[in-house]
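Trainee: First to last, the sequence lines map onto chains W and V. Under full-length UniProt numbering, think of the first position of the first sequence as 1, with each following residue one higher. Under full-length UniProt numbering, think of the first position of the second sequence as 1, with each following residue one higher.
Do not take every clue at face value.
Simulated coverage check for chain V against chain W, where a stretch passes if three residues somewhere in it have a Cβ under 8 Å from a Cβ of chain W [to be verified]:
#1 44-55
#2 107-117
#3 128-136
#4 139-146
#5 283-291
Some chain W residues close to chain V (C-beta under 7 Å, calculated; not the full set) [said to hold, decoys possible]:
#6 Glu98
#7 Val101
#8 Asp108
#9 Leu109
#10 Pro121
#11 Pro125
#12 Ala129
#13 Lys132
#14 Leu133
#15 Asp136
#16 Arg140
#17 Tyr223
#18 Gly290
#19 Gly292
Below, a sample of chain V positions facing chain W; criterion: calculated Cβ distance under 7 Å [to be verified]:
#20 Thr122
#21 Thr123
#22 Pro125
#23 Asp264
Hints are computed from structural coordinates only; laboratory data are not their basis. All residues carry an ideal CB built from backbone N, CA and C; glycine is no exception.
Protein chains: 2
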Amino acid sequence: MPENTKQDKGRAYHTKCTGAALSTVARQDKDEDITLFGSCFCPFVQRVWIAFEYLGVPYKAYEVDPYKKPQELLEVSPKGLVPGLRFNNYNPPRALNESTVILEYLEDLASGTTRRSLLPPTTNPYARALVKLQSDHVNRNLVPAFYRFLQAQDTEVQITAGKELHQAIETLVGLLERAEREIIGGGGISGDGERQALSKGLGLWIEGGDLGWTDVMVAPWLYRARLVLKHYRGFELPQGDKFTAWLDRLFTHLAVVATCSTDDLYLDSYERYAFNRPNTSQVANAINSGRGLP
Amino acid sequence: MPENTKQDKGRAYHTKCTGAALSTVARQDKDEDITLFGSCFCPFVQRVWIAFEYLGVPYKAYEVDPYKKPQELLEVSPKGLVPGLRFNNYNPPRALNESTVILEYLEDLASGTTRRSLLPPTTNPYARALVKLQSDHVNRNLVPAFYRFLQAQDTEVQITAGKELHQAIETLVGLLERAEREIIGGGGISGDGERQALSKGLGLWIEGGDLGWTDVMVAPWLYRARLVLKHYRGFELPQGDKFTAWLDRLFTHLAVVATCSTDDLYLDSYERYAFNRPNTSQVANAINSGRGLP
Numbered sequence: 001m002p003e004n005t006k007q008d009k010g011r012a013y014h015t016k017c018t019g020a021a022l023s024t025v026a027r028q029d030k031d032e033d034i035t036l037f038g039s040c041f042c043p044f045v046q047r048v049w050i051a052f053e054y055l056g057v058p059y060k061a062y063e064v065d066p067y068k069k070p071q072e073l074l075e076v077s078p079k080g081l082v083p084g085l086r087f088n089n090y091n092p093p094r095a096l097n098e099s100t101v102i103l104e105y106l107e108d109l110a111s112g113t114t115r116r117s118l119l120p121p122t123t124n125p126y127a128r129a130l131v132k133l134q135s136d137h138v139n140r141n142l143v144p145a146f147y148r149f150l151q152a153q154d155t156e157v158q159i160t161a162g163k164e165l166h167q168a169i170e171t172l173v174g175l176l177e178r179a180e181r182e183i184i185g186g187g188g189i190s191g192d193g194e195r196q197a198l199s200k201g202l203g204l205w206i207e208g209g210d211l212g213w214t215d216v217m218v219a220p221w222l223y224r225a226r227l228v229l230k231h232y233r234g235f236e237l238p239q240g241d242k243f244t245a246w247l248d249r250l251f252t253h254l255a256v257v258a259t260c261s262t263d264d265l266y267l268d269s270y271e272r273y274a275f276n277r278p279n280t281s282q283v284a285n286a287i288n289s290g291r292g293l294p
Numbered sequence: 001m002p003e004n005t006k007q008d009k010g011r012a013y014h015t016k017c018t019g020a021a022l023s024t025v026a027r028q029d030k031d032e033d034i035t036l037f038g039s040c041f042c043p044f045v046q047r048v049w050i051a052f053e054y055l056g057v058p059y060k061a062y063e064v065d066p067y068k069k070p071q072e073l074l075e076v077s078p079k080g081l082v083p084g085l086r087f088n089n090y091n092p093p094r095a096l097n098e099s100t101v102i103l104e105y106l107e108d109l110a111s112g113t114t115r116r117s118l119l120p121p122t123t124n125p126y127a128r129a130l131v132k133l134q135s136d137h138v139n140r141n142l143v144p145a146f147y148r149f150l151q152a153q154d155t156e157v158q159i160t161a162g163k164e165l166h167q168a169i170e171t172l173v174g175l176l177e178r179a180e181r182e183i184i185g186g187g188g189i190s191g192d193g194e195r196q197a198l199s200k201g202l203g204l205w206i207e208g209g210d211l212g213w214t215d216v217m218v219a220p221w222l223y224r225a226r227l228v229l230k231h232y233r234g235f236e237l238p239q240g241d242k243f244t245a246w247l248d249r250l251f252t253h254l255a256v257v258a259t260c261s262t263d264d265l266y267l268d269s270y271e272r273y274a275f276n277r278p279n280t281s282q283v284a285n286a287i288n289s290g291r292g293l294p
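Using the sequences provided together with the hints, build the complete structure.
Mentor: See below:
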């Protein structure tokens, strides 16, 4: 019998990872130059965490309760938001917050250290720009649409918000198809080397591709859409073969798997959003007041 | 006698640059690989335009009426928003929109062609990240606060919105001061070469500095705040000596001067925002509906 998802059961959010993510936290428990402050269910953390795993940048995983805002978190992230990075070997101390800023930092750092990358090479600015168009859309449209839908209580508002999220995902697919058409299908490619470098900009979207920038930017929300929005809102992701194959590659990629907890953790932790309990989070408050995300 | 700014005089927005910007359009009228689609009063265009001028990337300037949305604009920018770039030598055709994406494109392009840059080198990821923290704040907080203030009609709402814009500017100053402290004041700098490279991340904020990423990102709104918000809302920018000196350097930098029209153009063109006329723009509609900027 399906569980009744219409009633707030008052479940508490989790503060410790479970499943594969728990194993990863345990593996990454030694002191390193960089400490990643994270919270188990937060998608903004997960995108950064996936990047650490993929790029091979050494880090210590450190779980904090984002709603308690411990002082050590406030010292690395002024609003008390995760993710935050603390650099342990600097005086004056160094720290970074904002998931997109941290991702750019890790990309720059890896390019000079581990030599791994989530982007096409700087020698092809256009291929990089097409990727940035995708991630800009994810951050400014898809992510806010996810929260508006999850927090909407009124049925009519839910219907509208669900359509908007669907549209945001379709627009992303359109941008991925455009990149595929212009980069792989387009002229002006001088050989297999350039083709391979450029295909980096398509990530797992194409069969045989490797993890890319947009994959990392969007994966945590698509993962939660398939699980949490389906549970609380009956949401169905687009059904096309190509889209489904992309999701399969994305959700089985080792760097993604390594940062995922078990389903119950997400369902429990997002109940407060799904019933729009007061003061759920700064993100929830921003959506409720029609402001940009913090 | 001061002009009455409380009444909508029904002035029309301008469609052609004036002053120094007009001279620049005239200078940049030859066919090039890249055509910049712009509109004379649009700050999102101006930031891209400043970057073209500073980085020395060849371009043709092309003025369009952003509210008419001509077909050729829709072909380079799906929502019909300026700025847009058209690359004239590709099949299938290539184009880019979104000012922040275009800025990253120009930075990447210039790094391999004109060798000019608005950012610290990739060899110092932390210095770059501090700059990105600043521009992330500009885009997600300062720019929306500018429009909320300009469009607010109710006096109480205007007072609140004015305070929020002030706070957003102060927060930016805080981030600039942090970068100065951590980059120039901090340890771990190996010599004058590194110090010079890093100071690039501070832009014109420091005396003797050169134009930087954050300068370009924020200059168009600070310029309009000093002129348009002062006129229609009595707004005063922060008064500190350091802040004022920064603005002086910013507003007298050749790449900024070259992209500025005369004051009347801005006062006329922003009247529709200041009285929040219906359908002023997609940006205005987004602010009115509590959504993120398009």
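Trainee: Confirm or reject each hint.
Mentor: So, going through the hints one by one against the coordinates:
1. Under the rule that three or more residues need a Cβ within less than 8 Å of chain W, the assignment of the region 44-55 of chain V is violated, with 0 such residues.
2. With 4 residues having a Cβ less than 8 Å from any Cβ of chain W, the region 107-117 of chain V passes the three-residue criterion, so the hint holds.
3. Residue count for the region 128-136 of chain V with a Cβ under 8 Å from a Cβ of chain W: 5. That meets the three needed, and the coverage hint holds.
4. Residue count for the region 139-146 of chain V with a Cβ under 8 Å from a Cβ of chain W: 3. That meets the three needed, and the coverage hint holds.
5. Three residues within the 8 Å Cβ limit are the bar, and the region 283-291 of chain V against chain W gives 3, so the coverage statement holds.
6. Residue-level restraint check for W:Glu98 holds (minimum Cβ-Cβ distance to chain V is 6 Å; threshold 7 Å).
7. Proximity of W:Val101 to chain V holds as hinted, the smallest CB-CB distance being about 5 Å (cut-off 7 Å).
8. Because the smallest distance between the Cβ of W:Asp108 and any Cβ of chain V comes to about 4 Å, under 7 Å, the interface hint for this residue holds.
9. The restraint placing W:Leu109 at the interface with chain V holds, with a minimum CB-CB distance near 4 Å, inside the 7 Å limit.
10. Interface restraint check for W:Pro121: the shortest CB-CB distance to chain V comes to about 9 Å, outside 7 Å, so the restraint is violated.
11. Taking 7 Å as the C-beta cut-off, the interface hint given for W:Pro125 holds, the closest approach to chain V being about 4 Å.
12. The closest approach between the C-beta of W:Ala129 and any C-beta of chain V is roughly 4 Å, which is under the 7 Å cut-off, so the hint is satisfied.
13. Hint status for W:Lys132 relative to chain V: holds, with the closest Cβ pair at about 5 Å, below 7 Å.
14. Taken as an interface hint, W:Leu133 checks out: its beta carbon lies about 5 Å from the nearest beta carbon of chain V, inside 7 Å.
15. Because the beta carbon of W:Asp136 sits about 6 Å from the nearest beta carbon in chain V, less than 7 Å, this interface hint is met.
16. With a least beta-carbon distance of about 5 Å to chain V, the hint placing W:Arg140 at the interface is held under the 7 Å criterion.
17. Interface restraint check for W:Tyr223: the shortest CB-CB distance to chain V comes to about 22 Å, outside 7 Å, so the restraint is violated.
18. Taking 7 Å as the C-beta contact cut-off toward chain V, the hint placing W:Gly290 at the interface holds, the least distance being around 2 Å.
19. For W:Gly292, the interface hint holds, the least distance from its beta-carbon to any beta-carbon of chain V being 5 Å, beneath 7 Å.
20. A cut of 7 Å between beta carbons decides the hint on V:Thr122: the least distance to chain W is about 5 Å, and the hint holds.
21. Taking 7 Å as the C-beta contact cut-off toward chain W, the hint placing V:Thr123 at the interface holds, the least distance being around 6 Å.
22. Among the interface hints, the one on V:Pro125 holds; its C-beta lies about 4 Å from the nearest C-beta in chain W, closer than the 7 Å criterion.
23. Against a cut-off of 7 Å between C-beta atoms, the interface hint on V:Asp264 is violated, since the closest Cβ of chain W lies about 32 Å away.
Hint compliance for this structure: hints 1, 10, 17, 23 are broken, all remaining hints hold.
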